Amino acid sequence: MARNITYREAINEALAQEMERDDSVIVMGEDNAGGAGSPGEDDAWGGVLGVTKGLYRKFPGRVLDTPISESAFIGAAIGAATAGLRPVAELMFVDFMGVCLDQIYNQAAKFRYMFGGKAVTPVVIRTMYGAGLRAAAQHSQCLYPVFTHIPGLKVVAPSTPYDAKGLLIQAIRDDDPVMFFEHKALYDLSGPVPEESYAIPFGEANVVREGGDVTIVTLGRMVHHSLEAAGELAGAGIECEVIDLRTTSPLDEDTILESVENTGRLVVVDEANPRCSLATDISALAAQKAFGSLRAPIELVTAPHTPVPFSNVLEDMYIPDPQRIGNAVKTVAEWAR
Amino acid sequence: MTGTQEHTALTRDQLLNAYRTMRTIREFEERVHKEFATGEIPGFVHLYAGEEASAVGICSNLNDRDSIASTHRGHGHCIAKGVDVAEMMAEIYGRQTGSCHGKGGSMHIADLSKGMLGANGIVGGGPPLICGTALAAKLKGTGGVSVAFFGDGASNQGTTLESMNLATVWNLPAVFVAENNGYAETTSSSWSVASDNIADRADAFGMPGVIVDGFDFFAVHEAASQAISRAREGGGPSLLEIKFTRYYGHFEGDQQTYRADEVEHARAELDCLNRFVGRVTQTGQLTRDDLAAVDTEVSALIDRAVGEAKAAPLPTAADLLTDVYVRY
Amino acid sequence: MTDDRIAAITMPKWGLSMQLGKITSWVVAEGDEVSVGDDVADIETDKIAGTLEAGSAGTVRRLVARVGEDVPVSGTIALLASADVGDDELDAAVLQARAVIEAGAVPDEGGAPVLESAQAGGRKIDYAGVGSDGEVVLLIHGYGGDRNSWLFVQQPLAERHRVYALDLPGHGTSGKDVGDGSLEVLAEAAACVLDAIGAERAHLVGHSLGGTVAVAVAARDPGRIGSLTLIAPAGFGAEINADYLRGFAGAQTRRELRPLVGLLFADDSLVTRQVVDDLLAYKRLDGVEAALEALLGALLDGDRQRIDASSQLRGLGDAIPVTVIWGSADKIIPVGQAESVPAASKQVIEGAGHMPHMEKPSEVLAAVEAALRGG
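Chains as they are written, first to last, in my numbering: chain B, 1064 to 1400; chain L, 167 to 494; chain A, 0 to 374.
The hints are simulated quantities; they were obtained by calculation from the structure and are not laboratory data. Do not rely on the hints blindly, as some may be mistaken.
What the hints assert, rightly or not - Listed next, the in silico BS3-like pairs over lysine-lysine satisfying Cα-Cα at most 27 Å (straight line): (1) L:K306 <-> L:K476; (2) A:K330 <-> A:K46; (3) L:K476 <-> B:K1181; (4) L:K306 <-> L:K280; (5) A:K46 <-> A:K21; (6) B:K1181 <-> L:K280; (7) L:K200 <-> L:K476; (8) A:K282 <-> A:K345; (9) A:K123 <-> A:K282; (10) A:K46 <-> A:K282; (11) L:K200 <-> B:K1121; (12) B:K1121 <-> A:K46; (13) B:K1121 <-> A:K123; (14) L:K306 <-> B:K1116; (15) A:K330 <-> A:K345; (16) A:K46 <-> A:K175; (17) L:K306 <-> B:K1181; (18) A:K282 <-> A:K330; (19) A:K175 <-> A:K21; (20) B:K1393 <-> B:K1352; (21) A:K123 <-> A:K175.
Keep in mind that this is a model prediction, so the values were computed, not measured.
Next up, chain B with everything else stripped away, as it sits in the complex (with noise of 0.2 Å):
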């Protein structure tokens, strides 16, 4: 059966029927619980916004708080991954990348390669990204471009619920290392998802509508604002495909090109900052494979080239918003020599 939770609500039920189903699946970071050797509760947080809670009652000794030291227990999540555990490390927020890079990318990321094919490494590090909560610049960006351009690692950023259980549990069962991005203002959006276990393949776009005159690519939170905007242009006659890439490592290609070449005209929508970004990946792959079929030059509409900014107006018009989005389809849609 599917019943409306939230997506919160999703990726708890994932870890917890994961958790169930396979006894090597454990859980790691600060304040996964909560309240590790102080005086009142134990599992007083389940995680700074509550995504944990529960597990650690649960499953007993297989959820662990771990001090803050993060480049210790995401090393540690990455070595007991390759002794034969699958541990789902926190990494609290995407913007505490720099203090553990080199675990995730020098050693997880290259295990694999480097050792001729010999480690297998399934690690999963959940992530909070994106700004909307005014936590102002270190703790509000988008990095996933980072970890995209390393060989090595899978990159996912459900949108929805649904998608957001299916995707978690997709890459529990994945033998490669994980990057799973949980976008910080979607956790409260609230959507179908079926009570029993389902895993949603990596590499598979999901087009959330269908429309013949402008693709748009987006993915995360911003596939929300994608279908705001393209409800409003189809009254203005303009009907957009909205296509959720879900995974950036692996990249959906094929789905991507198809719609190129049936609109001819591209946006694409990314909150990330706007240099060497997915918006330019995406960008570059459709002028070179779908050049015959663009009728437009490519719109792409991101954050600016800033740090997020922290005053309400300011991070308002950081983040690319329908109206935005809709002036760019507006462009394409128009464009004429």
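Dock chains L and A against the given chain B, drawing on the hints supplied.
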């Protein structure tokens, strides 16, 4: 606290194996030193010659369910943990028959089936991984112990310090081995390490710390035995500081102008193999003939390894793209 | 309607969970004459797209609902009236109807389906029932389908019967374990649902593999079954589109699945993105792949049908009246096999594929009603 000089009663076979392993490392490294100078070996190598007592003194206390992580100076640890010598040589030559099919090289030789998590090109890369294997052993109840080898340079790296803290907080079956050969690249450890000894830091992380004479196989073996038993029995992690010297430069090609004449002195007066030989022949546990037989065996093994490596095929274009993922 | 010279065409209820529908295009225009069964409008719900047929005859005087707007089930979408009805009256009726649409009012849940579960050999079997009068009818879907396959048929049938649709093991929301995938497992599930309902007597309507299951259930307990209506049943010939079955079981992506699902219909415009997405979501559930593979083992012998239901059916003699319905353009099981079914009544539905109860529901409904009356 200094390491004890007594030796745990080792059997004749154990002594022969210890000698064989140390001799293999020495001959391997001396040979690589020679071959590297011809220009045939690609990239960088970092030689372990002079440090054999550490790798062997510690690893002779371990078995296949125990894990070790190593450093860029990893040949000694690999050999001591049982990685195939011929495959190692082929790997150093970048051949398809190498331990990593030519895709890792000297700094990334690994054999997970033997609990060898790999040499590591990142200073301080090993300790966090060892916290992981120790955690896995603890949760799975295998009784395995995980040993992190790192240098005096890495002893200052944040990853190492965090790992020691974490290992105590989680009470992990781990041993941290600081191989202090006096230099982190060109800077001396007496300058770069703020405390008098690396072992002094153990207290700060709630674990026992021991200084050990790295030229004395028996001292290392004893100290390691204690630390490893402690870990295996659930007593938590320990720190061993092994003090010795490396006979060669940081990497092959290093002119070592930052050093004085300590290598000459060490080879003449302190060498761990000479000391081992002296001790066991004096007590009569092994004879010179026993040892000579091993020398001959080892010599032949190294010759074969080099010969095979030089003749082995190089990887192909197809090999370039394989094994990035288990399944993309 | 205050004036009973004005008849309303309303948003139909397709599927027990439907609450809203959207007109994607009008087939009729104001001024057109319609007869019963004429196409009126193309409608899309969150589950499927289809074409609404006129339930009564008359002149279309007003189109009330706009293309693309959500209309609640039972909401008026158009008005039929004879030429002598004045504009004022019609405008008033339109205003009233528009108020309902704008309010977004969703009808009473009075007629809502009741979802229940039964246990069959340790497996959970979900089923939904509607209707309170008349005899029990059990609808049994086919391979890869679920109880929602009957969405155009269950509600209308429920006006005069108690109509139940189950999810077979391995399908829908029922338990996904199918054991050895044999017919016995499926038949037991259906029989257990009849027990759970407390039905001493029931009519069975089965589609494709569901038809084979219906025959098996009847064979177990012929006295309990009032009639058998078989829609494109499996088990009555050797030929079957094995590539479709294997392809369906193995498909991992939308790209692989879409063309296969298209094969089920004569007109594949019924196959919306939502239909394919729902199928993919089903296929991804833990245990479904294994269940579909196990069932294939029972269904196929190489490229031919393994099951022989016709001898089972012949064994029942004249005890149970049998009706067989088949789409003329069936690309999965050839319509010619209808000849091999020992049935009192046979009806071929022109222009329908393997899913006539979805493509031509009003014709199938009429045939089923006739079968139920006869039984």
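- Message: I'd like to know which numbered hints this structure contradicts. Please list them from smallest to largest.
- Response: Structure breaks hints 1, 8, 11, 12 and 19.
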